[in-house]
Amino acid sequence: MTTDNPLDHSLEDHGGNAKFFVIFLALCFLTAMSFFTYSSYWPRALDSDSIKRTFMMVVSCTKAILVILFFMHLWWEANWKYVLTIPASLMSLFLVLMLVPDVGFRLDNASRERRLHMAAEQTEQEPADHHEQTDGEEETENSEPKEH
Amino acid sequence: MLLQYATFRAWSVPGNSKWEISAYTLDQAMSHDEHGHSGGFEYHPGLPISNGKTYMWLFLSTEIMFFAGLLGTYIVLRFGAAAWPSPHDVHLVEEFGALNTAVLLFSSLTIVLGFEAAKRNQAAAAKGWILLTLILGSAFMGVKAYEYKAKFDHGIYPQLPRSQIWEKADMYYAAAVRTRLTDLRAEIAASNAEQQQLSQNESELSGKDAAWLSALKESEDERSRRDDICAGLLATEGPVAQAESIVRTSQDLVVINAAFQQLADTIVPPHNGGHEESTHEESGDADVHHVALNDLHPWLKLPICIPGGNMWASTYFLLTGFHALHVLIGLIVFVCLLCMRLDAASAGVIENVGLYWHFVDLVWIFLFPLLYLF
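Sequence order for the protein chains is H and C.
Adding 1482 to a residue's 1-based position in the first sequence gives its number in our numbering.
Adding 7 to a residue's 1-based position in the second sequence gives its number in our numbering.
In short, the hints are calculated from the structure, not lab data.
Please note that a few of the clues may not be correct.
What the hints assert, rightly or not - With the Cβ distance kept under 10 Å, some of the chain H side facing chain C (calculated, not the full set):
| no. | residue |
| --- | --- |
| 1 | 1503 |
| 2 | 1527 |
| 3 | 1531 |
| 4 | 1533 |
| 5 | 1546 |
| 6 | 1562 |
| 7 | 1563 |
| 8 | 1577 |
| 9 | 1582 |
| 10 | 1594 |
| 11 | 1601 |
Just so you know, these numbers come straight off a predicted model, no measurement behind them.
C-beta: ideal position from N, C-alpha, C; glycine also.
Based on the sequences and whatever the hints tell you, model everything.
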């Protein structure tokens, strides 16, 4: 084993391969858990899109952490991993948040002409209710005379 | 921020005077007894990893920012949109996404096992694991290509002029449907004229091929059938004319919108999303995927109405396209790896390639729920 850094221990043996198979099985289980919100066993009390999506993102973050820690070897690395990951994570989160005021709220000041030609607004409910709600919403939104 | 420390000894002559200066910025100084050497600097690495690994992690940091920007844009656009199609509206099959996830996770495992085999100087085993990783990555690309084709076949493209997605079923949508049908009839008429001209020329030749003549007749019949279908759709009693006539006869916006929506539903039936499939089964209606014009006659390729569909198509193809590009680059690197001897001396290279591949897997771990399950 060769490395240009005498302090580099990543090429040393850290035990057998069994742990990687265990992590893989855990990842497969978590992937299946992503569909748990679709099953009939999902608690009725938690039957909200926001809760379901939060659950899915928690599952995804858990999978990501397992891949980063074990497959990408960070579990056995020194403290430099915090220097790398924490600023990058903060910047990523900051990047998303900075888009919210401009792009996320772009429809708050949408023009009348834009609202006439864009798709009808949906509510938080299931897409199945879209068509029924669309007619009602358009009746209140498009109260001005139609344009042709 | 790199952590470094330096120990240096400097000798100043004249007159046999010597002075030593030691400076530490990190408490992991490694002392060396060096007597009798002339002056010089000794630098020790601040990070306990190789240069290649350092650079790979720095590169992955840039990639994190890249995909964070794309994913963040998707999240913000999606949740700030007035309307957004369900996965079934855009022919997105969650099972394919889950399959791709399993394939990539398995490929992450195989490349880790390849790295471990290389560390133990098991070159043949390492090559086998890398080959399996390559196969799994290719399988991912195959599934992705199949999904893309399914989108294209339904007229879902990321941009014009191929995209046939309309946001709203209104007068402009009806006009686009009428234009498409009119253009189809014009194409058929042009083909008929061309064939007639060709037949007139060919009739002067002797020894005509029977099979050719038969094929010619079949294509003529097919064009005639298609022309009849287009004519029927454009007729006064057809769906296009009926939707347009209601605009002239009614002042009620609800009725007008319903008429145009009915035209849109005739072309592509409304899907109620994956959560509604159980409802359909409970009610005895197992026909979740209703068949409409674009399904019955794929050659029609009529404009389709998918609220939020254009934004969805743009973000979907952007995210998955860039991800697929990264997967492709990884596959190319795997091919290069297979041309090497993957013994312990190459373990560092395999580790760095593995880091890149795990990152590709990480991106998909977040893409899958955001695109397929939300």
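Consistency of the hints with the structure:
Using the Cβ-Cβ criterion of 10 Å, the hint placing residue 1503 of chain H at the interface with chain C is satisfied: the shortest such distance is roughly 7 Å. Because the smallest distance between the Cβ of residue 1527 of chain H and any Cβ of chain C comes to about 17 Å, over 10 Å, the interface hint for this residue is violated. For the restraint placing residue 1531 of chain H at the interface with chain C, the shortest Cβ-Cβ distance is roughly 9 Å, inside the 10 Å limit, so the hint holds. The interface hint given for residue 1533 of chain H is violated, since its Cβ lies 13 Å from the closest Cβ of chain C, which is over the 10 Å cut-off.
Evaluation of the residue 1546 of chain H hint against chain C yields a held restraint, the C-beta minimum of about 5 Å falling below 10 Å. Annotation: interface hint on residue 1562 of chain H holds; nearest CB of chain C at approximately 5 Å, less than 10 Å. At about 9 Å, the closest approach between the beta carbon of residue 1563 of chain H and any beta carbon in chain C falls short of 10 Å, and the interface hint on this residue holds. At about 5 Å, the closest approach between the beta carbon of residue 1577 of chain H and any beta carbon in chain C falls short of 10 Å, and the interface hint on this residue holds.
Taken as an interface hint, residue 1582 of chain H checks out: its beta carbon lies about 6 Å from the nearest beta carbon of chain C, inside 10 Å. For residue 1594 of chain H, the suggested interface contact is broken, since its CB lies about 14 Å from the closest CB of chain C, more than 10 Å. The closest approach between the C-beta of residue 1601 of chain H and any C-beta of chain C is roughly 3 Å, which is under the 10 Å cut-off, so the hint is satisfied.
Going down the numbered hints, you'll see the structure goes against 2, 4 and 10, while the others check out.
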